[in-house]
Each structure stands twice: as structure tokens, then as C-alpha cells.
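Residue numbers (the UniProt record's numbering), protein chains in the order written: chain A, 1 to 374; chain B, 1 to 333.
Keep in mind the hints are simulated off the structure, nothing from the lab.
Quantities reported herein were computed from a predicted structural model and do not represent experimental measurements.
Don't be surprised by glycine CBs; every beta carbon is placed ideally from N, CA and C.
Possibly wrong hints are sitting among the right ones.
[Said to hold, decoys possible] Here are the simulated BS3-like cross-link-like pairs (lysine-lysine), alpha carbons at most 25 Å apart as the crow flies: (1) A:Lys46 with B:Lys249; (2) A:Lys126 with A:Lys116; (3) B:Lys134 with A:Lys126.
[Claimed, not checked] Computed list of chain A residues with no C-beta within reach of chain B, every gap over 12 Å: (4) Asp76; (5) Ser80; (6) Gln111; (7) Thr163; (8) Leu187; (9) Ile189; (10) Phe209; (11) Lys212; (12) Gly258; (13) Pro260; (14) Val274; (15) Ile283; (16) Phe303.
[Claimed, not checked] Here chain B is said to cover these stretches of chain A; the calculated rule only asks that three of the stretch's residues, wherever they fall, bring their Cβ under 8 Å from a Cβ of chain B: (17) 6 to 16; (18) 37 to 49.
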Amino acid sequence: MNYLEQFRAAKINSKLLEKLQQEFTVVKGKIKIMEVCGTHTQAISKIGLRELLPSNVELLTGPGCPICVTPFSYIDTAISLAQQEGVMVATFADFLKVPGSNSTLELEQAQGPNVKTVYSPLDAVKIAENNPEQEVVFLAVGFETTAPVIALSILDAQKKNLTNYSLLQALKTMPPVMEELVLNQYLDIDGFLCPGHVASIIGVEPFQFLAKEYDLPAVVAGFEVGDILFALEQIMEMIVRQEAKVVNAYPRVVEQKGNPKALKIMEQVFTSTVSRWRGLGKITNSGLELRPEYQEFAAENKFDFASATGKVAKQSGCSCGEVLMGIKKPTDCELFGTKCTPSHPLGPCMVSQEGSCAAYLYKVSVKMKLYSKE
Amino acid sequence: MKTITLAHGNGGELMQELIKDIIYYYCGNDILLQQDDAAYLPEVEGELVTTTDSFVVDPIFFPGGDIGKLAVCGTVNDLAVNGAHPLYLTLGLILEEGLEIDKLKRIIKSVAETARKAGVKIAAGDTKVVPQGKGGGIYINTTGLGVVGPDINLQDAKIETGDKIIISGSIGDHGAAILASREEFEVSSALTSDCALLNNLTAQILSSSGGIKFLTDPTRGGLATALHEIAQQKQVTINLEEEILPIKKEVQGLGGILGIDPLYLASEGRVLCVAAAEEAEAVVNAMKDSPIGTGTAVIGEVTGDKSRVCLTTNLGGTRILRPLQKQLLPRLC
Chain A
1 MNYLEQFRAA KINSKLLEKL QQEFTVVKGK IKIMEVCGTH TQAISKIGLR
51 ELLPSNVELL TGPGCPICVT PFSYIDTAIS LAQQEGVMVA TFADFLKVPG
101 SNSTLELEQA QGPNVKTVYS PLDAVKIAEN NPEQEVVFLA VGFETTAPVI
151 ALSILDAQKK NLTNYSLLQA LKTMPPVMEE LVLNQYLDID GFLCPGHVAS
201 IIGVEPFQFL AKEYDLPAVV AGFEVGDILF ALEQIMEMIV RQEAKVVNAY
251 PRVVEQKGNP KALKIMEQVF TSTVSRWRGL GKITNSGLEL RPEYQEFAAE
301 NKFDFASATG KVAKQSGCSC GEVLMGIKKP TDCELFGTKC TPSHPLGPCM
351 VSQEGSCAAY LYKVSVKMKL YSKE
Chain B
1 MKTITLAHGN GGELMQELIK DIIYYYCGND ILLQQDDAAY LPEVEGELVT
51 TTDSFVVDPI FFPGGDIGKL AVCGTVNDLA VNGAHPLYLT LGLILEEGLE
101 IDKLKRIIKS VAETARKAGV KIAAGDTKVV PQGKGGGIYI NTTGLGVVGP
151 DINLQDAKIE TGDKIIISGS IGDHGAAILA SREEFEVSSA LTSDCALLNN
201 LTAQILSSSG GIKFLTDPTR GGLATALHEI AQQKQVTINL EEEILPIKKE
251 VQGLGGILGI DPLYLASEGR VLCVAAAEEA EAVVNAMKDS PIGTGTAVIG
301 EVTGDKSRVC LTTNLGGTRI LRPLQKQLLP RLC
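Using the sequences and the hints, build the whole thing.
Now the structure itself:
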């Protein structure tokens, strides 16, 4: 058995699950544990974990899917850019299907060559280099996990003296939104499953406030079945013992202080700023923007976006905002699985496979109905 | 001349040369060499079945095959899983200006070799050339014609609770091999496509047992989508056991890196079979006797009538397998 397979081994995991189930029964009353990473949401749904836990335990899904938390106006801006002559919008594939007010990037891509799917922002820089007559705008969305390579793309573009590469900025950071959720009066979170990928960049320290200031147990977890079970078990142990610590249960990837090289590049290119989250509104210091010396790479400075923002209405009945805060489950939304499906998503949580709603479809079988605009 | 030019598609001398020197040279047979606008086929006994498929795979050469082999296997296999004995193929080529003639030769040679192995004749063909930048090097369309014997009737078979789901080998190898060979991912791997002819295997399966209820090949959309189609069409619940699914470590690993579930990756040389429970062992043994069926495994069974596909995870949880929703990547076949 190789190293990684140990975390998937059915025998070990069954024992872990058994232990976890026993621990949960010791605790009376409802226990709410939130995972804030989309990959955790997806993994939990894929292994069918929710139904295996006792009924007093609720795993809440947080705002960890980059597609889901990006506001409507951003998508409309991206679409309006794609409709402009001389502009190429470069994006991760997940973003294509997200519905804007009147269109999606996927539809724009079908109608013309102005939308290009890339696997890395560095590919977008290459496109800019090979197409000097076009402005290549990369849709900079995501968390601390994608921020370093996006920062690297800026340094790369600068080194190549490119004047036709820019970012449409919506990068976000995790710890501030977690604090916002802790303070939310509708949620009563008992513990956090901390995002392993984000922690691989920023380390464990930025999550310490959860234990120190709010007495909440939190565990940095990996993404294999064994990782998730072990992390939940650690959280439960702390709840039972009424302890609050931040534990790194993903030491094979996460260093206490994170990845210094990635942090340095991020720090060099970006600075923190207020950011708008879908469903959560503006949160101070929860976003990243280009430092003044890199502002020449900000699409915001190259285009006039005033006309594209501020006049959008969300899809009537869509509960993505509440789902992102963990207040509603995807299945509580009236559109879930009927009018809103992965092939015809109405809200962003159904778009990405890490989206809460799309992940819930692993668990629930729904009758598909063809979506029509009427 | 070393490359394809627009003149190779204009019906003139260069095109005739191309057809003679490459197509007839490799694929020639009594029917193709009638050289008329349409080919006459001898009478056959039994019911005729036909199918058509177009191939746009990128890259055109990949570990374990090329677009030529794929174009023959894909269409022959569609006939085979319907219980048909494949007889003829047509070969439609859309070439992009600038394609190296040596590459075309390799591809047509591969078409001819695969057709010979399948026992089918190339009966008719067509060649067009599109300007550079308007095509992916080469696209191929093949239409197949086959005959079904009187003793085979898969259409009316009734799938029931307890029937077993059997697959002839590991899942998703073709899709994974194509992904790994795409330059944009910059990954290297030893993965090979499973692209293979299935007609001998299906003939063996059908002669080994009268308990075969359904045969298909899980190509685009992968195993999950193929099973979903069966579940919907036959209104049955299919339950798979994660623990016994044959997925190669390399495929699992690549899926992990790229965020793609192997259950949705295409196979191009696997038979998926629904068989009566009491016949399952005989079917599995017959499949294992075939050189391309050595990895045969029972992966699940029919458990009800809910028109859905479920997966019992290693941990004992249940996951619903929906048909493929998102675009994995275009041009896998």
C-alpha cells in the first residue's frame, strides 16, 4: 500500500467512522460543523458521509467555492468584456457556465473567439504574448490557493514587458469570511473543518483566532476519506473535552507557516482590500487587489465598467446566498434539481462541481426537468 | 509532395493520385475497387443494422492507437454491442490543408489493419480538404453495416432485479490516455488507450450464454453515463460497489490531479454487459477467455426499479451517479 492509499483504505476508515459515530452519541444536542472548502464539500458528498453520521450532527457547507461567492456584477462585467472587439477573456473552465443577467461566458464562447479556457494564468500570459493586438483579461477569481500563480502571471507579464495582459480582480481570502460566519447570528457553528489547500499556502497561524478569540475547535484537513474522518474525529474529541485548539491534521502538505515562497510572491503583488461576497455582502480585508506598482495590470484601469454594474437582479427563488452562509441546505431551495440543474444552472452553487448544490446532487436523486425561461 | 493541399480535395488529378496511392493501396478490396459512384453489395441473410460515427480526436496519434484505429473500432463496436456481425464500413475523410502525407499514410494503414482484424471491408469513401486552420488535421466519419443472426434478440430482453453488471476490463483508460497526451496539461504518464475491437468478444459472450440482457460500450460519458442510460431506458436501479470497480492507479491518479472522476472517462475497448444472475459466472468466464477480457469483473447489480444509478462507497455511504453534466474536455474521440 503506498502512502496515499492508507488514507483511502476501507478497513481503517470504517474503524475511524465507528469511533466517530460513538463520540457523537456522547454529545447531546445538535452539533454543527462547517467545512469552508469546496473540495471538502465535494469529497464529503462523494463518499456519502452525511448520511453515515448520527442525526444530531450537521455538516454545514460554507462559502468555499470560488465560483459561488463571486457576485453577479462581476460575471456581467466579464461577459461585457468578452463582447468587446479586441478583447480576449481568459478563464478557468468552471466559470463558463455561470449565468449572468443575459448570457454566460459559454454562450459568448460559442458565438465568437473572445473567450479562451486556460488551465493556468501563465497560459493566459502566453496568449497575450502571441496576440499583441489583443487585450487578454484573465478572470482572477479564487482564494489563497490560486492567488500565488496569478501573482506569478503578473510578474511574468512584467518581465516580458507585456502591456496587453490584465486581471479582472475578485480574489478572496478565507480567514476573514470565516470570522464573519462565526459572528453570524443565524449560525451557531461548533467547529470548523479548515481548508487544506488554502492552509498549504497560508499555513495554520491565520486560523488560530478561531480557537483563541471564539473558543472554537478547528482542524486543517486533507481531502482523502481518511483525512476528513480523522479531522472530524479530532473536532469531536475537542467538543467532548470542551477544548478549543487549531490542529493541523494535514501535515503531509501543510506547514505551520505555510509556503513562504508563494506567500512572498502574493505579498509582492497583492495587498488586502474590501471584497464583495455573494450572499454575504462586503467584508473588510477579505479580498486581494494589485499593489499600486502593478495597477497597470488591472483591467479596472483599462476599461470603463460603470455601465456594466449595479443593475442586475438575482434569479427569482435562487437561494445561493443563504446556501453559501450555511443557513439553508441546497435541498431547501425550491429551484434545486428541478429548474436549476448542472446542465441548466440558475445559481452559481450549481455550476462548479465544488458548488454546494452540485455536490448535493451526489446524495439526492431528482427528477430532471428541462429548464425553460418562461 | 509532402503535405495535403487544397488541390487534393478538388476532384482532379492530385485527388485521384491520393486515393489510388493511399486509400486503394491500403484498403483496396473487390467492393471498393468497383470505383463507381456507389458500390454494390452482395445479398446477406439476416437483419441489417447500421450505425455512423465521426471521429475528431485530438491528438490524432495517442498511446495505444490513432484516429484511424479508433474510427474503425468505434463503429465496429457499435455494431458488435448490438449483437451484429460487422460486414462493411464507409470511410469519409476531412483533411486539413497542411497535414503531412506521411501521417495520412500511417492513419490509413491503421484503418486498413484494424478493418482486416475486424473482418470488415471498406466499401466506399470520400475525401475533402478544408483550408488550414479550419480543421483539426484530420476528421474521419465511418458508417458501418452489419448483420444480426436470427437467434439474437437483445432488444426485447427484460432486465430484472438481481441481474449482474459486468465489465470486460479497467475503466476510463482511453479518456485518461488522451488527457495525459494533451500538451496543455504537461503531465507525462505510461497510460495507454484501451482502444480495441470488440466484435470477437461480443460474439463469444453471446454464444456462451442465453442470459445476456444488454450489451454496450461505455465510450463518451464513461461508465456512469452508460449505466445511467440503461437505468433510464429499462427503468431499473443499478447499484455499483466502489470497492470492486477496476480502475487503474494511473487513471485514478490523473483523475485526482485534473479533478475528473474516472467513472466519467471514456473507454474505447470495453464491453459493459447486463446478465441474468445465474448466468453471470459463465459469462465472466467466457469474457476472461478473450485476450481483451482478462480484466473482466462483476461490478454491481440491478437492485430495483427507480431508474437511477447508485454507488455504494468504500465507507458504506451511497452516492447517486448522474449522467455526465459538465464538459470534461472536447474531442476525446
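Quiz item: Going through the earlier hints one by one, which of them does the structure break, listed in rising order?
Solution: The structure breaks none of the hints.
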